[in-house]
Amino acid sequence: QQKVQQSPESLSVPEGGMASFNCTSSDRNFQYFWWYRQHSGEGPKALMSIFSDGDKKEGRFTAHLNKASLHVSLHIRDSQPSDSALYFCAASEPSNYAQGLTFGLGTRVSVFP
Amino acid sequence: DTTVKQNPRYKLARVGKPVNLICSQTMNHDTMYWYQKKPNQAPKLLLFYYDKILNREADTFEKFQSSRPNNSFCSLYIGSAGLEYSAMYLCASSRTLGGREQYFGPGTRLTVL
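These protein sequence lines map, in sequence, to chains A and B.
Each residue of the first sequence is one higher than the one before, starting from 1 at the first, in this note's numbering.
Each residue of the second sequence is one higher than the one before, starting from 1 at the first, in this note's numbering.
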């Protein structure tokens, strides 16, 4: 079973609309979360990280973390065609040492005019 | 420059032959990672180098080797390729302290025939 699960698998949103999708971890050791975005032909690129309960806003992107339920969401306001991509949630344990990320399967977002 | 470079972008290999993939970064990051991504699966961490220390995941320990001759370069080596090695291989780098965002290269698509 995936330790990091994302939903939905895909969604379509009109240009200018709000895109929202979710991520849940089944491993209580995972306390740090990242959202990565991957456009076709490119590697994943970090959008934002969230380590504390509550909301974190960066431009049109807002992440929300509930540590008790290990649920994190990402909301994209005023969606643009360039936001069409595969969005990965990734998680790790809090540590001062180097460690890799555990990824979910991704949510594919399509923004239509 | 936040670029991670990977060579080659596409690699065709024969079953039973060795494969060597190369990754480089000029950000002076202390950690470099290799992930494997297959269609409809999440990116999976294979191994990472923290400075000169190699950490390999338990379930892929015997399948992949790696070397890091200097801070900028890291290779992924498959001694005898099997059909199951066909995948996208993503290299990433990060600075262990200060956010630990991982920067990804565009990937090398390996096809084993």
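No lab work stands behind these hints: they were computed from the structure.
Hints should not be assumed to be uniformly reliable.
[Claimed, not checked] Derived DEER-like restraints, expressed as beta-carbon distance ranges: (1) B:THR96 with A:SER12: 22 to 30 angstroms; (2) B:ASN40 with A:HIS71: 18 to 26 angstroms; (3) A:LYS3 with B:THR2: 26 to 34 angstroms.
Built from N, CA and C at the ideal position, the CB exists for glycine as well.
Original post:
Is the gap between the beta carbons of ASN40 (chain B) and HIS71 (chain A) within 18 to 26 angstroms?
Top reply: Distance hint for ASN40 (chain B), HIS71 (chain A) holds at roughly 23 angstroms.
Subject >> Assessment of proposed distance window 26 to 34 angstroms (beta carbons of LYS3 (chain A), THR2 (chain B)) >> reply: 28 angstroms, holds
**OP:** Take the C-beta atom of THR96 (chain B) and the C-beta atom of SER12 (chain A), compute their distance, and say whether it sits inside 22 to 30 angstroms.
**Re:** The hinted range 22 to 30 angstroms is violated for THR96 (chain B) and SER12 (chain A), with Cβ atoms some 39 angstroms apart.
Checked against the numbered hints above, the structure violates only hint 1.
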